[in-house]
Amino acid sequence: MRRRLSLVLVALAAFLAVLGPMVRWYDYPRVVEVPANQYQTVVLQAKDATLIDYSTLTGVPHQTVTIVQTLKGDAAAAAAEKKRTGRDVVVWDGLSYVLGTDGKMISSIPEVYVFDAHTQEPVHCCGESVDGDPVTRTGIEYKFPFDTQPRDYQYYDPQTRTSAPILYQGTREYRGMKVYYFTQTIPWTRVVFPKTMPAGITGLTPASITALGYQRWYTTTREFWVDPVTGAPVNGEEQHHEELRFAKGSGKAPVTVFEGDVKIRPDYLDATFRQISSQRQLVLGMTTYLPWGAPVLGAVLLGLAFLFEARGRSRGDRKGKRGSVGDGDEDGGARQVPPPQRAPAAPLLGQAVGPLGLDQVDQSEAR
Amino acid sequence: MRALLAAAIGVAVALGVALVMVPLAHQGGPTSPKPLLTSAPAHP
Numbered sequence: 001m002r003r004r005l006s007l008v009l010v011a012l013a014a015f016l017a018v019l020g021p022m023v024r025w026y027d028y029p030r031v032v033e034v035p036a037n038q039y040q041t042v043v044l045q046a047k048d049a050t051l052i053d054y055s056t057l058t059g060v061p062h063q064t065v066t067i068v069q070t071l072k073g074d075a076a077a078a079a080a081e082k083k084r085t086g087r088d089v090v091v092w093d094g095l096s097y098v099l100g101t102d103g104k105m106i107s108s109i110p111e112v113y114v115f116d117a118h119t120q121e122p123v124h125c126c127g128e129s130v131d132g133d134p135v136t137r138t139g140i141e142y143k144f145p146f147d148t149q150p151r152d153y154q155y156y157d158p159q160t161r162t163s164a165p166i167l168y169q170g171t172r173e174y175r176g177m178k179v180y181y182f183t184q185t186i187p188w189t190r191v192v193f194p195k196t197m198p199a200g201i202t203g204l205t206p207a208s209i210t211a212l213g214y215q216r217w218y219t220t221t222r223e224f225w226v227d228p229v230t231g232a233p234v235n236g237e238e239q240h241h242e243e244l245r246f247a248k249g250s251g252k253a254p255v256t257v258f259e260g261d262v263k264i265r266p267d268y269l270d271a272t273f274r275q276i277s278s279q280r281q282l283v284l285g286m287t288t289y290l291p292w293g294a295p296v297l298g299a300v301l302l303g304l305a306f307l308f309e310a311r312g313r314s315r316g317d318r319k320g321k322r323g324s325v326g327d328g329d330e331d332g333g334a335r336q337v338p339p340p341q342r343a344p345a346a347p348l349l350g351q352a353v354g355p356l357g358l359d360q361v362d363q364s365e366a367r
Numbered sequence: 001m002r003a004l005l006a007a008a009i010g011v012a013v014a015l016g017v018a019l020v021m022v023p024l025a026h027q028g029g030p031t032s033p034k035p036l037l038t039s040a041p042a043h044p
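Taken in sequence, the protein lines are chains A and B.
So for the first sequence, the working numbering puts the first residue at 1; every next one is plus one.
So for the second sequence, the working numbering puts the first residue at 1; every next one is plus one.
Note that these hints are calculated values from the structure, not bench results.
If you're wondering where the values come from, they're calculated on a predicted model, not measured in any experiment.
Glycine residues also receive a C-beta, built at the ideal position from the N, C-alpha and C atoms.
Hints may contain errors.
[As the list claims (entries may be wrong)] Using C-beta positions, here's what the derived DEER-type ranges look like: (1) Gly127(A) with Ser32(B): 15 to 21 Å; (2) Gly213(A) with Pro23(B): 14 to 20 Å; (3) Ser39(B) with Arg151(A): 37 to 43 Å.
[Stated by the list, open to error] Sample of chain A residues facing chain B (criterion: CB under 8 Å; computed from the structure): (4) Val10; (5) Ala14; (6) Tyr26; (7) Leu57; (8) Val60; (9) Ala75.
So here's chain A without its partners, still in its complex pose (with noise of 0.2 Å):
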């Protein structure tokens, strides 16, 4: 029984040392990516904004500027893309939709963001485009890489459409969690008006507005709270600064398109640190728990096995000792030979030998 326990534990053992590796290097770069069909929403708010009135030109103060972002990942599309370059990869199409305190639209930003679900390293294809333009992302956008690391990454402004580097500015503490803290600052930048402007104002398009002579310029510094392990940001925040200037040498006095401080609603907030905080621990157990603590308790039970084993042979030789052919196993096995009985006390003085006397005896001894 010993020994069948023994080589249970060195197949437990052996299963365990190997399992945590494969885990490791094997299924977790296979394994670990961004879901090609995911649906998430997040609700943005800038507090005491100033919005353009475009029918006056001018910024107006407003109570809450929103913006509701919504990414939804494109499965069809990741699919097709995979049967033909075997690639897995993210087709998100996403929309940024912001309203102002009336509740009115202000602009709606349509994107098509393509990605490798692994690495998280841009992807051309799939009509990836920013408000219907096809455009060529390089760096990262929305989130960052699984296994982040404390450097600087490019991140892809969809204002300018251009890449500029984002700055690793150190390590923070967020509700316990060790997060890495970026930052990224566009210098005022001449852009492009959005395709789809304010309804309600009669004639208002990015044509007619450029053709009065106006420019968009635009600003921003963006801060993440980045979850390393899974590369998502828990928070967010953004200073954004839009200004419609005139051409240099016009005289004309820029006007405020939007300024705010853009942060996260806190029930979003909420909501994403906890599904961040759970998916961190899938990815721990694939990186760290598992890689580690399956080889140590596969060296625990190989441990237990070698003792079990000893303890057996042990009894084994002391059996032998009392006349058993030692053979390891505790239980005595196929060749264990019988320990010679002992014959019956001698009969008594007086008693007569009956038919079981020495006869009998001889027979036991002899069998």
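Chain A is already provided as a structure; the job is to place chain B on it using the hints.
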């Protein structure tokens, strides 16, 4: 000899589990029917 066989079985099962994990993890679903939002869901 038996111990070697037991270890080999353990290794084989571990390799099998690791290999099977990859296709099992890749079972995705269809694109969500939910629309791209044009209004903010109410604050709970």
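Do the hints match the structure? See the list:
One distance hint, 15 to 21 Å for the beta-carbon pair Gly127(A) and Ser32(B), holds here, with the actual separation near 18 Å. Checked against the hint of 14 to 20 Å, the C-beta distance between Gly213(A) and Pro23(B) comes to roughly 59 Å, which is inconsistent with it. The hinted window of 37 to 43 Å between Ser39(B) and Arg151(A) holds, with their beta carbons roughly 39 Å apart. A least Cβ separation of about 4 Å between Val10(A) and chain B falls short of the 8 Å threshold, and the interface hint therefore holds.
A distance limit of 8 Å between C-beta atoms decides the matter here; for Ala14(A) the minimum to chain B is near 3 Å, and the interface restraint holds. Hint status for Tyr26(A): holds, given a least beta-carbon distance of 5 Å to chain B, under 8 Å. Hint status for Leu57(A) relative to chain B: violated, with the closest Cβ pair at about 25 Å, above 8 Å. At its closest, the beta carbon of Val60(A) sits 20 Å from a beta carbon of chain B; the interface hint therefore is violated under the 8 Å criterion.
For Ala75(A), the suggested interface contact is upheld, since its CB lies about 5 Å from the closest CB of chain B, less than 8 Å.
Taken one by one, the earlier hints fail for this structure at numbers 2, 7, 8, listed in ascending order.
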